[in-house]
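All the letters of the sequence shown, read from the start, carry residue numbers 1 to 185 under full-length UniProt numbering.
None of these hints come from the bench; they were simulated from the model.
Bear in mind the structure is a predicted one, so any value in this text is a computation, not a measurement.
Ideal Cβ positions, reconstructed from N, Cα and C, are used throughout, including at glycine.
Each hint should be verified, as a subset may be incorrect.
Pair by pair, the computed Cβ-Cβ distance ranges are [claimed, not checked]:
{"hint": "1", "residue 1": "F74", "residue 2": "K136", "range": "20 to 26 Å"}
{"hint": "2", "residue 1": "F30", "residue 2": "R99", "range": "14 to 20 Å"}
{"hint": "3", "residue 1": "Y132", "residue 2": "I37", "range": "23 to 29 Å"}
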Amino acid sequence: MKGGALEMGSEVAKKGSAPVNKVAAVVDFFLRIVAIIATLGSAIAMGTTNETLSFFTQFIRFRAKFNDLPMFTFFVVANSIVSAYLVLSLALSIFHIMRTRAHASRILLIFFDTGMLALLTAGASAAAAIVYLAHKGNTRANWFAICQQFNSFCERISGSLIGSFGGIIIFVVLILLSAVTLSRR
1 MKGGALEMGS EVAKKGSAPV NKVAAVVDFF LRIVAIIATL GSAIAMGTTN ETLSFFTQFI
61 RFRAKFNDLP MFTFFVVANS IVSAYLVLSL ALSIFHIMRT RAHASRILLI FFDTGMLALL
121 TAGASAAAAI VYLAHKGNTR ANWFAICQQF NSFCERISGS LIGSFGGIII FVVLILLSAV
181 TLSRR
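Start from the sequences, fold in the hints, and give me the full structure.
Here it is in structure tokens:
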């Protein structure tokens, strides 16, 4: 008798968690779309950043372009890879909406989401270090702050960092959401 009651209780718990898992899957889908917008926007903003200043005459020009610094190039590549991954992961997210009890694919998503989180964090951190130097400079190394001269350039690279760090926060939430959904099993 007790064995049957336990089985019925676990069956009711599984049915009760299905709507919660479906809501979590829908939230996961929308967070992935927001993360695509954030990372792709960051990659585009950084990848199209350049500014040219004329000094004294038209023949003397100084140029600041994102691909002059390898860290910014890495930032663009990392955000592009993460954006492409997020587009591909939408298929699994839709699958989780239809099949709330899919567990192997959730584990796979947690694994790849964690890898993409690491890549995105590395790209954003490398770019953030250079953005800091562009704004503040380093007198010990004789690196001068260039943001007083290249205002537009600095505003765009700083803005692209905001989107990328927003993507990092979304990935942390996605990983936690998937882990909580798996633990409700």
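Going through the hints against the structure:
A hinted range of 20 to 26 Å holds for the C-beta pair F74 and K136, which are about 21 Å apart. In this structure the hint that F30 and R99 lie 14 to 20 Å apart at CB holds, the actual value being about 18 Å. A beta carbon spacing of about 25 Å between Y132 and I37 agrees with the range 23 to 29 Å that was offered as a hint.
Every hint from the earlier list agrees with this structure, and none is contradicted.
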